[in-house]
Amino acid sequence: MNTAENDLPLFAWSPPSATMIPFPASKRVGKIRRVAEMMRQRQGKEKALVAYWSRVIDDMTSQLDRAGFRPETIAKELFDFEASVNAEMARLSLLDRYRTRP
0 MNTAENDLPL FAWSPPSATM IPFPASKRVG KIRRVAEMMR QRQGKEKALV AYWSRVIDDM
60 TSQLDRAGFR PETIAKELFD FEASVNAEMA RLSLLDRYRT RP
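Take 0 as the starting number for the sequence shown in numbering that gives the first Met the number 0 and just add one per residue.
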């Protein structure tokens, strides 16, 4: 047998590499609004607030980890998500302030 016959492209094939990109957590508007509202309902109840936030972050971390994302990517997504939730909470506070004005 000739080496050209053994050198078929099938034997040299390897799966193509791909870069996974998560859907930006900071753009999950529905989740951000829901979490911000739940956090506002728990204001003044520190233990409940911390427990809820921890559960949200743990769930998102698990989801991203199961999908195969690297720890650095997960940390960035969670940081961006937290910033978005804080911005939404500030927006809701301003809305409340202006709604109560005479």
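Fair warning: there could be bad hints in the mix.
Said to hold, decoys possible - Lysine to aspartate or glutamate pairs mimicking EDC-like chemistry, simulated, CA-CA at most 20 Å apart:
1. K26 x D57
2. K26 x E71
3. K75 x D64
4. K46 x E36
5. K26 x D95
Unchecked claim - Pair ranges (Cβ atoms, derived):
6. S53 x F22: 19 to 29 Å
7. N85 x R65: 43 to 53 Å
8. A11 x W52: 42 to 52 Å
Hint data in this document are derived by calculation from the structure and do not stem from the laboratory.
All figures in this text were calculated on a predicted structure; none of them were measured in a lab.
Using N, Cα and C, we set each Cβ at its ideal position, and we do this for glycine too.
For each hint, the structure was consulted:
1. About 19 Å separates the Cα atoms of K26 and D57, which keeps this hinted pair within 20 Å; it holds.
2. Under the criterion of a C-alpha separation no larger than 20 Å, the hint pairing K26 with E71 is consistent with the structure, at around 18 Å.
3. Between K75 and D64 the CA atoms are separated by roughly 13 Å; this keeps the pair inside 20 Å, and the hint holds.
4. Note on K46 and E36: the hinted pairing holds, with a Cα-Cα distance of about 17 Å set against a maximum of 20 Å.
5. Distance hint between K26 and D95 is unfulfilled; the C-alpha atoms sit about 23 Å from each other, more than 20 Å.
6. A hinted range of 19 to 29 Å holds for the C-beta pair S53 and F22, which are about 22 Å apart.
7. The hinted window of 43 to 53 Å between N85 and R65 is violated, with their beta carbons roughly 26 Å apart.
8. Checked against the hint of 42 to 52 Å, the pair A11 and W52 passes, with Cβ atoms roughly 50 Å apart.
Checked against the numbered hints listed earlier, the structure breaks hints 5, 7; every other hint is satisfied.
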